[in-house]
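Asks: Hey, can you work out the whole structure from these sequences and the hints?
Residue numbers (the working numbering), protein chains in the order written: chain A, 281 to 720; chain B, 3 to 913.
It should be emphasised that the hints constitute simulated quantities derived from the structure, not laboratory data. Do not take every clue at face value.
[As the list claims (entries may be wrong)] Derived pair list, reagent style BS3-like, types lysine-lysine, alpha-carbon separation capped at 25 Å:
{"no.": "1", "chain 1": "A", "residue 1": "Lys-412", "chain 2": "A", "residue 2": "Lys-446"}
{"no.": "2", "chain 1": "B", "residue 1": "Lys-200", "chain 2": "B", "residue 2": "Lys-214"}
{"no.": "3", "chain 1": "A", "residue 1": "Lys-719", "chain 2": "B", "residue 2": "Lys-564"}
{"no.": "4", "chain 1": "B", "residue 1": "Lys-273", "chain 2": "B", "residue 2": "Lys-287"}
{"no.": "5", "chain 1": "A", "residue 1": "Lys-412", "chain 2": "B", "residue 2": "Lys-714"}
{"no.": "6", "chain 1": "B", "residue 1": "Lys-273", "chain 2": "B", "residue 2": "Lys-263"}
{"no.": "7", "chain 1": "B", "residue 1": "Lys-261", "chain 2": "B", "residue 2": "Lys-273"}
{"no.": "8", "chain 1": "B", "residue 1": "Lys-687", "chain 2": "B", "residue 2": "Lys-297"}
{"no.": "9", "chain 1": "B", "residue 1": "Lys-630", "chain 2": "B", "residue 2": "Lys-318"}
{"no.": "10", "chain 1": "B", "residue 1": "Lys-714", "chain 2": "A", "residue 2": "Lys-446"}
{"no.": "11", "chain 1": "A", "residue 1": "Lys-475", "chain 2": "B", "residue 2": "Lys-714"}
[Unchecked claim] Computed footprint of chain A on chain B, listed as stretches where at least three residues anywhere in the stretch have a Cβ under 8 Å from a Cβ of chain A:
{"no.": "12", "stretch": "181-190"}
{"no.": "13", "stretch": "228-241"}
{"no.": "14", "stretch": "727-741"}
{"no.": "15", "stretch": "744-751"}
Source: prediction; values computed, not measured. All C-beta atoms, glycine included, are put in the ideal place defined by N, C-alpha and C.
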Amino acid sequence: MSAAGAADSGYTGLEGFVRGFFGRPHVAKRVVARHQKRQENAHYPSRETGKGESRKLTGWAVLQMAKFIHTADWQIGMKAAHVGAAAETVRAQRLESARRVVQVAKEQNVEFTVVAGDTFEDNAVDRVLVQKVADILGSFPRPVYIIPGNHDPLVPGSVWNHPAWKSHGNVYLLAEASPLEIDGATLYPSPLGEKHSLKDPTRWMDAHDSKRIAVGIAHGTVEGVSQDALDYPIARDAATRAGLDYLALGHWHSTAMFADGSGDTRMAYSGTHETTKFGERDSGNVLLVEIAERGRPPRLTQIPTGGFGWESLEEDIREPDDLTRIREMLELKADPHTTLLDLRLKGVLHQESQAELARISEIIQARFLYGRVDTSGLIPRPDDDSWLADVPVGVMREVARQLQRLSDPTGTDDRPDYATPEVATRAMLELYRMLQETKR
Amino acid sequence: MILRSIRVEGWRCFVAPTELGPFIDGLNIIHGPNGSGKSTLMMALVRGLFDGHMVTGAEIKALRPWGRALNPRVAIEFEQDGVQYRLHKQFLSSQTAQLNRMENGAYVPVAESRAADEQARQLLSSETPGRGASDQRHWGLAQILWATQGNLRIDHLSGGTRATIQDALGAQVSGPGAEALEKRIADAYGQFFTATGKLKGGASAPAVVGLKDKLEREGHRRDNLLTRLEEFDDASRRIEDLRRQTELARHSEEELNEKLKQAREQAQVYKDLIGRQKLHQQEVKAAEESYRNSKERIDAIRSARQERHAVTEQLKRLQDDTPAQAKLIEQCQEQAEKAKKSVEQVRARRGEVTAARQLARLAERFSRTQETLGELDELLERIESAQQVLEKLRTSCDQVVAPDAETLAKIKKTAWTRDKARLQLDAALITVNILPEVDTQVEITTAEETGQKTLAARRSHRIQGAPEVAFQIPGVGRFQATGPTGSVDELREEWEKAVARLEELTAGYGSNDVDRLEKLHTQAAEMEGRISRAEVRIHTLLGGRQSDELRAERTRAASTIKEILAARGEWEDARPDPDKLAQQADELEQRFTADIDGAEAENDRAQNALNRALQKQTSHDAEVKSAKNQIVAIEKRLESLCNDGLDDAQRAAKLTTIAIQQDAAQAKFARVDAQVKEFGDDPAKSVTVLEGQRSAVRDQTAEAEENLNTEKGRLEQITSEAPYSGLATVEEEIHRLEDEIARQQLQINAIRLLYETLRQRKREVMQLVMGPVRLRANQTFQRIAGTRLQDIHFGDSLLPIGVAPRALDEPVSLDEISGGEQEQLYFAVRLALADVAFGGERQLVVLDDVFTYTDTARLARIATILDEAAERFQMVLLTCHPERYRGLPRANFFDLEKIATRASEQQASSL
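Replies: Take a look at the structure:
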C-alpha cells in the first residue's frame, strides 16, 4: 500500500498515516506505540485534520529548539547527456554525495533531516537506485522527512511504492498536506502529486496559532526566480504569511535564501547536493538550519557536499600567448580528476597556435574527469598571412586565401551549404597541418 | 640557357676527349651515322647538368666505355642570363664537380662538389633527383625543351615545372611543392569519398557512417523508452482514475441498497392490494355468472317452445303433399318407355345405308380396273415395236467389220512408223537415176531389185541399193555406184517390222489402207449409236420395270374385272356410274342420321323428367323425417331445461335476487381497484430496475478492480524495466555519438571543402593558362599537318590529352592518330609551351632524332618551322639525316663522326 493509499485505507489518525505508508499493520502499530510511549497526553488527529488540529509524531523529548539539515533535489538517476563517457561516473557521484549529506547530518548532530522534493530524477528510475537511496537515508540514526517533488510525485507506480522504504524506520514520507507534530517542532509538508501545477503548495499552511516551532517543507518556484515555465509558484513572503519559522524549499538547484521584510531569512532553497550541469552556480550544498525558539529567525549555514567541480571557462584569445596562458592555467588546476571542464575559446586564431591548441586539448582529455573545448568561436586572424608564405604559390595559395575568406562569418563569398565558417577554418587548419607534414 | 660547347671523355663511345662547339645561338645540327654517339652526347649533357657528381648505380656505371675502367667526364660551357659558365663533372671514381664563371675573360671557380651540383640546378631551375640518377622529372624546363631519341611525347611534367610554366604564362596553377600537398589532399579526400564524390560505403566507409547507423539505432531505442515512459505515466494516471471509479461505484452501490430496501416495502403493500383486488374481482365474476345462467335458462325454455310449434306446422304441410308426388312419378315413367321404343325402331334402318355404300365402292373399283387394263395393253404394244427395231439394228451392225478406236490408233501409228522407215531407207540407199534416150536393157547385179530390167526411153528410172549399186548396160558398160556404208540394214529391218505389224493389225478387216479402215470405223460407230438410242427408248417405256411384270399386272387387272362381272353381271352390258351410286348412298345415310338424332333426344328428355320426379319424392320424404326428429329433440331439451324444480314465476324471482348480489360485489372491487391505481406502476418493477442497477454497479466495481489490478501489473512491469534509467543511458550515448559525429563530420567537410576548392581553382586557372598555348600549338600543328586535325585539347597537367578532327566537336585520343602525327603534335606543343612560357628569352632546345615517322613533305615544313624557331631559340638537332636540313642557310652543322675520329687520332698521336 502506498502512502497515498493510507487515506484510502479507512484507518484514521497516526495509525492510518503510518500504516498507509508502511503498509503492514504490525509495523504501523510499532511505530505508533514508540511515539505514544513518550507522549502520554498525545492526541491523534482524525483523518480530516482541521485547522488547529495536527497530527503528532513526537520523539523522545520535547525540544525547545530545532536543528536540522535541509537538502533537496538529489535528482538520483539523472541523465548526464552532455558529459560523454563520464556520464555514469557523474550519476554515481550523486549517490556518493548523498552519503556525504548523511555524514554532514551526523557530524552536525542534527535532530532530523528534511529532503524537500526531487530525491529522484524520475519515478521510472531503476529500483536498485531506490534501494540505495533508502539505505543511505536509513543509515542516518535520526528521522528523515521526505516530500515527493515534481520529478518524483506521489502517484501510482512512483518510487515511493518501493518496499525499500519499509526497511528503515527512521525514514518518513510525508504524504499528506497537513501539520505533523514531531519532537520540538511542527512540520507543514506539502507533498506533490503531479508533475506540473500552478497551485501554490504553501497556500494551505497556517502556523500563526502554533506555539511550536513551525517548519514548512515545499517544492516549487519562488516568485522572481527565473524559470522557463512557472510550476508550483510560491509567494516570496510565503514563510511569513504562513507564520512559519522556516520554509525549506526544493526545486531550484542553486542555494538561495530569501529575506523577509524585516531582513530575516525564513525561507531558502538548499540547492542540489551535487551540481547537475555546467553553468549551475552555487550548487552542491546543504543547509544547516538552527531555530532557537518559536519566532526567532533561523540561523542558516551553507555546507558544501558536492564531489565534482563543474567549471565553465570562456577565454578570449587575442594573441598566441593567450593560449599558452590558458594551457599553463589548466596544468596548474587542482583536482582535475574530479573536475568537469567546459572550455570555450573565442577570438582570433593564429596559425602558429595550432600546436598550443592541440596541447590544451590533450591535457584536458588526459587529466580531467571530463572536458570539452569549443573552438567554434575562434576565427583565423584576418591579417595573418604569414603562414601563406609557406603555401606553394599558384593554386594552392589561392585555395588557402579562399578558405581564409570562407572562414570569416561576415564574408560575402559564395559558399557550398556545408562550408560554414567553422568548416572553412577547419579546412584551413587541415591545409596548414598537411603543409607542415610535407615539410618534414 | 644557351649551350656553347660540350666536351666528353671516357664516356661510352667517346673514349678520347671529344669536344663540340662552339654552338651558335640559332640552329645547330649534329649529324652522324647510327652509333656515332649522338644520343650519348645528349645523355652527357643531361648527366652533366642535372645529376649529382656523386651519383652511383648501374645506370652511371654503364657510362664507361666498354671494357675500360675510365671515369666519365663532361665539361659544359653555357650561358645563363647573359653570364657564361663552365661546369665540369667526373663520375664514378675521383668524382669531382666544379662550376666556373667567366669573369673578365677567364673562368673562375664559383662552386665545387655538391655546391656545384646544387648551383647548377638552381641556375637551370631543375629539381634534386634524390639518391639515384636523374630522370625527366628532374630536368626542370628541359622537360619540354629537350626530347630524347625518338621520343617527342611528354608523359609527365613535374609540379615545379608546371608552376614555372604557369608563372611564366602569367597565371598560377601550382607552385613548387604543391604536387605533394595536392597528393595529400587527394589522399585525405580519398579516405572519405569515392572518385565520384560520394561518401564511401561498405567496408571502406569512414567511421562516421557506422556512427550514424549506431545513432539511428540508439534513436530507435530512445523512442521505445520514451514510449514506455508515456505508458508508465498513462498506467499511473489510469490507476488513479480506476481507484476513483471504484470508490464512486461503492458509493453508488450503498445508495442503491437503500433505495432497494424502500422499493421492496412498497412492493409488498402493492402485492397485498392486488390480492384483495383479485378476490373481489372473482366475487363479481361469480355473481355475473349466476345471473347469466338463470337468464339464459329462462330464455332457452321460451325459445324451445316457439321452435317446437314451428316444426309441427311444417310437418303437417309436408304430409299433405305426398299423394301428388306419387302421381307425377307414374306419368314420367310412361313417357320414358315410349321414347325408348322409338329409338330402337330408327336404329333398325342402319343395314340399308351400309349396302348402298358397298355398291358404290364396287362400281368405283370396276371402273378404275378397266382403265388400267387398257393402259397396259397400249404400253406392251409400243415396247414390242421398239424391240423389233433394235433387233434389226443389231443385225446390220454385225455385218460391218471395222477396227475399234484403240485398234485404229495402233494401225495409224504403225503405218506412220512404216512410212517413216521407208523414207529413211530410201534416203540411205545409193540411188542412180537414169533417163535413157532410147529403151535400154539393163542387167542389175547389185541393188535393191536385181536382174534385168528394161528402161523405157525418155522416162526416169531409179536404181537403188546399198552399200553399192551395180548394173551393166550391154554395149555400154558396167556401172557401179558406191557410197558410204551405214544403217541401211537397220532401217530396212525397222521398215519390215512395221510392215509386218501393220499386216498383223489389219488382217481381219480386208484392207491395210488406213483411210479405208478409218471409214469403216466411222460407219460402225454410227450403227452402235442408233442401237444405243433404241435401247434407251425401250428402257424409257418400261419405266424401270420388266416387261414380265407389266404382263403380270395386266393379268391381275383382267382377273379383277372377271370377278366383279361374276357378281354384277348387268355391268357387262351397262357399265355402272360410280359417282351416282356414291351420291345415293350419301343421301340414304343423311336421312338415317337425322331420324336417329331426333329419337334419341326425345328419349333423353323423358328420362330426365322421370329422374327429377324421383328426386323430388326422395327429398320430400327426408323433410318429413327431419321434422319429426326435430320435434323429438326439442321435447328432450325442454325436459332438460325444466328439470330445476321451478316454475316460470319462481325462475323470475330467483333472477332478481342474483342481480342484487352482483351489484354488491362490484362496489367492493371498485374500492380496492382505486387503491391499486394510486400506486401507478407496480413497485416490483422499480425493485427489478434497482436490482439491475446495483448489479451493474457491482459489475463496474469488479471490472474497475480487475482493470486496476491489470494496470498495477502493467505498471510494475514497466517500473521493473526502469525506462528512465535506460533513457538516461541511451540519451547519454546519443549525445556522445552526436558529438563524435559532429567532430568527424567537421573533419570530413573540411577535407571536402579543401579538395573541392582546390579542384575548382585549378579548373579556373587551367582555363586561363592554356588558352595561348592551345592557340599557338594548333597553329604550328596545322602548318605541318594541315587542317584535318584542328584543335588540340589539354588536360590539367598542361599536357595534350586529345585532338579534335575537323568533322567532330569531340576530341579523339592521341593514340588514335598516326605515329607521325603524334610526333608533329608533340613537337608543336613543345614549341608552343616554350614560346608562351619563355616569350623572348632564348633557351636551348635539343631534339635527338625525333622525327622517326614523319614523311619527307612534312619534314620539309618542319625544317622551315625549325629555321623560324632558331630565331627565338637555340636549336640543337641530333640527326643521321643531315641532308634534310641542308637547305637551311643559317644552320651550323657538326659532323660527329669526323670530330670523334679526329679526337681519337689526336689522342693516339699524343700517346
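Asks: Decide, hint by hint, whether the structure agrees.
Replies: Here's how the hints hold up against the structure:
| no. | hint | result |
| --- | --- | --- |
| 1 | A:Lys-412 <-> A:Lys-446 | holds, 13 Å |
| 2 | B:Lys-200 <-> B:Lys-214 | holds, 16 Å |
| 3 | A:Lys-719 <-> B:Lys-564 | violated, 162 Å |
| 4 | B:Lys-273 <-> B:Lys-287 | holds, 21 Å |
| 5 | A:Lys-412 <-> B:Lys-714 | holds, 24 Å |
| 6 | B:Lys-273 <-> B:Lys-263 | holds, 16 Å |
| 7 | B:Lys-261 <-> B:Lys-273 | holds, 18 Å |
| 8 | B:Lys-687 <-> B:Lys-297 | violated, 43 Å |
| 9 | B:Lys-630 <-> B:Lys-318 | holds, 10 Å |
| 10 | B:Lys-714 <-> A:Lys-446 | holds, 19 Å |
| 11 | A:Lys-475 <-> B:Lys-714 | holds, 20 Å |
| 12 | 181-190 | holds (count 6) |
| 13 | 228-241 | holds (count 7) |
| 14 | 727-741 | holds (count 10) |
| 15 | 744-751 | holds (count 3) |
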